[in-house]
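**Student:** Take a look at the letters that make up each chain.
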Amino acid sequence: AALGHTGKSSGINAEYGACAMYMRHQLKEGEKIFLMGSNGFSSVLKECGVEAVGHGVHEPMDLHSFSTFQPDPTVKFVVGGFDPQLTHTKMTKAFIYVREFGAEYICTNQDLVCPLSSSRLLPGTGAVLAGLTAALGHTGKVIGKPSPIFFDIVAREHGITDKSRVLMVGDNLLTDIQFAANSGIDSAVVYTGVTKPKDVTESAVKPTYCLNSVAELL
Amino acid sequence: AVVSTQSTGAKGIIDQFSTFLIDCDGVLWTSEKAVKGARRALDALVKAEKRVILVTNNCGRTVSSIQRMMDEILGIPDIPKRDVITSGVATAIYLKNRMNIEKEKVYLIAQDAFSKTLDDYGISHFGLGPQPFRNTVEWGEFEVDPSVKYVVVSLDPDFNHSKLTEAYLYITENNAEYIVPDVDMFYSCKRGDGTRKIPGTHSVQAGLSAMVEKAPTPIGKPSRFIFDMIQEEYGPLDGGRTLMIGDSYETDMKFGFNCGIATALVLSGNAKKEDVEGFERQPDFVMDDISGILD
Numbered sequence: 293a294a295l296g297h298t299g300k301s302s303g304i305n306a307e308y309g310a311c312a313m314y315m316r317h318q319l320k321e322g323e324k325i326f327l328m329g330s331n332g333f334s335s336v337l338k339e340c341g342v343e344a345v346g347h348g349v350h351e352p353m354d355l356h357s358f359s360t361f362q363p364d365p366t367v368k369f370v371v372g373g374f375d376p377q378l379t380h381t382k383m384t385k386a387f388i389y390v391r392e393f394g395a396e397y398i399c400t401n402q403d404l405v406c407p408l409s410s411s412r413l414l415p416g417t418g419a420v421l422a423g424l425t426a427a428l429g430h431t432g433k434v435i436g437k438p439s440p441i442f443f444d445i446v447a448r449e450h451g452i453t454d455k456s457r458v459l460m461v462g463d464n465l466l467t468d469i470q471f472a473a474n475s476g477i478d479s480a481v482v483y484t485g486v487t488k489p490k491d492v493t494e495s496a497v498k499p500t501y502c503l504n505s506v507a508e509l510l
Numbered sequence: 385a386v387v388s389t390q391s392t393g394a395k396g397i398i399d400q401f402s403t404f405l406i407d408c409d410g411v412l413w414t415s416e417k418a419v420k421g422a423r424r425a426l427d428a429l430v431k432a433e434k435r436v437i438l439v440t441n442n443c444g445r446t447v448s449s450i451q452r453m454m455d456e457i458l459g460i461p462d463i464p465k466r467d468v469i470t471s472g473v474a475t476a477i478y479l480k481n482r483m484n485i486e487k488e489k490v491y492l493i494a495q496d497a498f499s500k501t502l503d504d505y506g507i508s509h510f511g512l513g514p515q516p517f518r519n520t521v522e523w524g525e526f527e528v529d530p531s532v533k534y535v536v537v538s539l540d541p542d543f544n545h546s547k548l549t550e551a552y553l554y555i556t557e558n559n560a561e562y563i564v565p566d567v568d569m570f571y572s573c574k575r576g577d578g579t580r581k582i583p584g585t586h587s588v589q590a591g592l593s594a595m596v597e598k599a600p601t602p603i604g605k606p607s608r609f610i611f612d613m614i615q616e617e618y619g620p621l622d623g624g625r626t627l628m629i630g631d632s633y634e635t636d637m638k639f640g641f642n643c644g645i646a647t648a649l650v651l652s653g654n655a656k657k658e659d660v661e662g663f664e665r666q667p668d669f670v671m672d673d674i675s676g677i678l679d
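As given, the protein sequences belong to chains C and R, one line each in that order. Quick note: the first sequence uses the working numbering, first residue 293, plus one each step. Quick note: the second sequence uses the working numbering, first residue 385, plus one each step.
Mixed in with the good hints there might be a few duds.
Distance condition first, Cα-Cα at most 20 Å in a straight line; then the derived EDC-like pairs of lysine to aspartate or glutamate [said to hold, decoys possible]:
{"id": "1", "chain 1": "C", "residue 1": "Lys338", "chain 2": "C", "residue 2": "Asp364"}
{"id": "2", "chain 1": "R", "residue 1": "Lys581", "chain 2": "R", "residue 2": "Asp542"}
{"id": "3", "chain 1": "C", "residue 1": "Lys320", "chain 2": "C", "residue 2": "Glu396"}
{"id": "4", "chain 1": "R", "residue 1": "Lys581", "chain 2": "C", "residue 2": "Asp354"}
{"id": "5", "chain 1": "R", "residue 1": "Lys581", "chain 2": "C", "residue 2": "Asp364"}
{"id": "6", "chain 1": "R", "residue 1": "Lys574", "chain 2": "C", "residue 2": "Glu392"}
{"id": "7", "chain 1": "R", "residue 1": "Lys656", "chain 2": "C", "residue 2": "Glu396"}
Keep in mind that the hints were calculated from the coordinates and are not lab data.
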């Protein structure tokens with residue numbers, strides 16, 4: 293079976309869904325998360341019954357204001373995604389939750405950049421969360437591609453038990469194909485997106501199949 | 385008290401040196417309270433007519449606020465402006481000596497005190513304060529002003545995706561110089577009786593540094609830029625009779641090593657006694673606090 297819903301257009305939402313499902317299984321009664329994420333991510337989490345604090349815009353705080361910052365004691369996890377409202381102030385609170393209060397840190401992905409056009413790149417989730425990664429010394433648990441955790445969540449939710457019958461189809465070697473390799477499933481790269489044959493030759497990770505487009509699956 | 389020394393001379397520390405470069409936080413004060421022994425040490429230095437230069441990476445304070453703290457907390461009312469060097473001041477001087485003020489602009493990611501410091505030196509800048517998120521359409525249409533030739537990145541409580549993107553565009557599309565006044569990983573603030581460690585400037589730089597290929601220009605400690613700059617601006621120092629006193633191995637001690645001057649680590653701030661034996665290179669002196677120079 294092809295994991296159709298992990299295709300590019302719903303890629304971001306699939307990671308939000310997977311993360312929300314993961315968090316639902318992790319949280320005990322009364323426990324909350326500190327969220328660094330978009331309104332879309334916040335909605336998905338709410339739908340999954342995950343309670344979040346910290347979402348949205350934070351008043352800037354200088355160094356000395358942090359002396360009196362008191363975290364919410366019911367927060368057991370810090371969850372990070374692409375957050376248009378993440379400032380250094382908000383990120384510092386996330387750091388305090390993890391470093392001082394032992395909250396576990398989960399993120400949707402670590403993609404450093406996302407191409408805006410052929411000449412401009414925009415910072416991706418990885419760049420937005422880079423400050424927290426640097427301060428903590430680690431990225432936290434990555435749920436989305438290329439982490440195999442993503443596969444485990446999707447497989448569980450869809451009752452997939454036989455890995456040999458699963459094919460991952462994608463256009464990105466670093467996320468889609470690496471994800472397949474990490475998850476122990478076959479992969480097919482399509483040349484209709486960011487990857488061209490020359491990239492496959494130069495890549496350390498190789499897809500099982502190379503297709504000109506998804507039409508060739510038939 | 386002096387905990388350890390690499391020196392074999394019988395002379396007191398204060399007599400061995402003519403110039404004292406002193407870090408502020410954790411050495412002279414912690415969160416606006418004097419460190420034990422700091423007042424005594426400074427009085428002795430003033431009495432012995434030693435040159436005292438404060439060298440701090442902290443660009444969250446202006447020079448005048450540090451002068452005021454020296455007066456109110458430590459009873460030293462008249463430390464001259466030129467002997468108070470913050471990484472903000474050093475960046476301003478760096479820019480002043482290089483910029484074409486008429487034609488070139490500075491994009492600034494920093495706190496308010498830093499912007500005031502640049503203003504003091506007549507360096508005009510923009511970018512301070514909150515910046516709303518721009519979506520992909522807005523970024524597609526964003527026009528990069530080609531006169532922005534310098535991007536200065538320091539601690540900014542408002543730093544966000546928008547500022548990161550704008551800085552990235554000036555660096556990659558204008559080949560703007562990427563300047564880092566300090567690279568401190570953490571700062572400390574008071575928390576009850578102890579301190580709380582929070583992410584510092586390095587955190588603000590992390591995403592940008594990962595995205596651009598060129599290495600940034602370092603200004604603050606441990607780079608020796610400030611040491612060379614003091615001498616270019618104000619006259620030579622006798623390197624053989626200069627001592628750097630600080631509480632951080634990574635910034636203060638490495639600064640001393642890079643400048644080829646003597647080093648004294650105090651244990652009243654960042655560094656703890658247990659850290660000392662693990663250092664790859666031993667400072668010349670290790671002391672509980674700055675009053676150890678009186679021994």
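**Student:** Give me the numbers of the hints this structure contradicts, sorted from smallest to largest.
**Tutor:** Hint 7 contradicted; others consistent.
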